[in-house]
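Engineer: What follows is each chain in one-letter form.
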Amino acid sequence: MQELVGYRLEHFPLNLRDIVDLIYFDGPLLTLFENEYGDSYLYYWCDVDEQCHRWLVFRVTQKTLRFYVTQKLSLRELILNPVDGFLYSVELDDELESRQTYLVQPKNLPPKYIPAVDSYYDFSKLDAEDTEAKGLLLEKLWDEKHELSDLLIKLFDQFPVGMNKPSLA
Amino acid sequence: MNFKYQKYLERLFVQCPPSDYTSQERIAFRFVFEPTHKNYKNNFLPVLILKPARQTGRRFKKDSSKCQGYALSFFETLKNIKQRYIELKRDNPNICEQIGTHIAQGVIEKEDGLVSPIDKKGHFSLHEFEGTQLENKFRIICPLE
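Protein chains in written order, with the working numbering: chain A, 1 to 169; chain B, 1 to 145.
Hints in this document: simulated from the structure, not taken from any laboratory.
Please note that a few of the clues may not be correct.
Listed below are several chain B residues computed to face chain A (Cβ distance under 7 Å; list not exhaustive) [claimed, not checked]: (1) Lys7; (2) Ala53; (3) Pro93.
Computed footprint of chain B on chain A; a stretch qualifies when at least three of its residues, placed anywhere within it, have a C-beta under 8 Å from a C-beta of chain B [to be verified]: (4) 21-30; (5) 38-48; (6) 58-68; (7) 111-120.
The calculated lysine-lysine pairs, modelled on DSS-like cross-linking and capped at a C-alpha distance of 25 Å, are [said to hold, decoys possible]: (8) A:Lys112 / B:Lys38; (9) B:Lys61 / A:Lys125; (10) B:Lys82 / A:Lys112; (11) A:Lys72 / B:Lys121; (12) B:Lys61 / B:Lys89; (13) A:Lys112 / A:Lys72; (14) B:Lys7 / A:Lys125; (15) B:Lys89 / A:Lys125; (16) B:Lys110 / B:Lys7; (17) B:Lys121 / A:Lys125; (18) B:Lys79 / B:Lys110; (19) B:Lys89 / B:Lys62; (20) A:Lys140 / B:Lys61; (21) B:Lys62 / A:Lys140.
Note that CB positions come from ideal geometry on N, CA and C, so glycine has one too.
Based on the sequences and whatever the hints tell you, model everything.
Structural biologist: As structure tokens, this is what we get:
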């Protein structure tokens, strides 16, 4: 694994449940989680060794998450500007038990952990086999002020058959 | 004919492989690790054989998803697999450590198993028949970097 500069924690302090894999290839690479209050966190896969996978975990607001999935913010921008000013680095073993946790500042991330400048999202990155994913994501991103029809069209390629196009006037 | 992971597929309450999987001869490309890499031995193992603990996660909650977890991923063309790599690397520059260091090419034959329809990105899955040894049929053709 890459060397990481950070502040070691005794244990991972958050109690999160996974919502949807945003990027998936033979395993999750970016997964949306939430805590008991509905705050959103992203788990970003970044490294692996014989014992553990390393993930960067950071909070995102509903607005920044929506900006990410609608291509107004890149994954790079999310990781370099986390809402809380830091990220957790969590090492999980094959049994998904946490082995090491660090607090890390974005400026100390190894270059290999930083997505490209053009790391914009598109919905084809959702796992095609995960049929619930689009619905879960839509539920999470729902916001009365948001232009729902645009989001639906991006999620489903076209407006879902049988749904009335919402009026946002 | 039995599948390679028959005992796991039998536990599922869905048709596995799904009915649209067929027996075909097809050129295929797959991400693999080079022979000197620690993960080389895992090159042709499906995700739920490699990481059984993942079955308990949300992703594999449904039996249809578990079924997919016992299949192997391939691409139809070299162009498709290289494009997928470019996309993955854009988000995860360290992705080689996860998916593989090289691309391997081989021919999947009718007696190797059942394959899925090909998706928009040229990706398809294979449920291997018992006795299939793909490591003997695929050879590395280029590094990812």
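Engineer: Please go over all the hints and tell whether each is borne out by the structure.
Structural biologist: Evaluated hints:
no. : hint                : verdict
1   : Lys7                : 21 Å, violated
2   : Ala53               : 5 Å, holds
3   : Pro93               : 5 Å, holds
4   : 21-30               : holds (count 9)
5   : 38-48               : holds (count 5)
6   : 58-68               : violated (count 0)
7   : 111-120             : holds (count 8)
8   : A:Lys112 / B:Lys38  : 20 Å, holds
9   : B:Lys61 / A:Lys125  : 20 Å, holds
10  : B:Lys82 / A:Lys112  : 19 Å, holds
11  : A:Lys72 / B:Lys121  : 24 Å, holds
12  : B:Lys61 / B:Lys89   : 28 Å, violated
13  : A:Lys112 / A:Lys72  : 23 Å, holds
14  : B:Lys7 / A:Lys125   : 31 Å, violated
15  : B:Lys89 / A:Lys125  : 13 Å, holds
16  : B:Lys110 / B:Lys7   : 22 Å, holds
17  : B:Lys121 / A:Lys125 : 11 Å, holds
18  : B:Lys79 / B:Lys110  : 24 Å, holds
19  : B:Lys89 / B:Lys62   : 29 Å, violated
20  : A:Lys140 / B:Lys61  : 20 Å, holds
21  : B:Lys62 / A:Lys140  : 21 Å, holds
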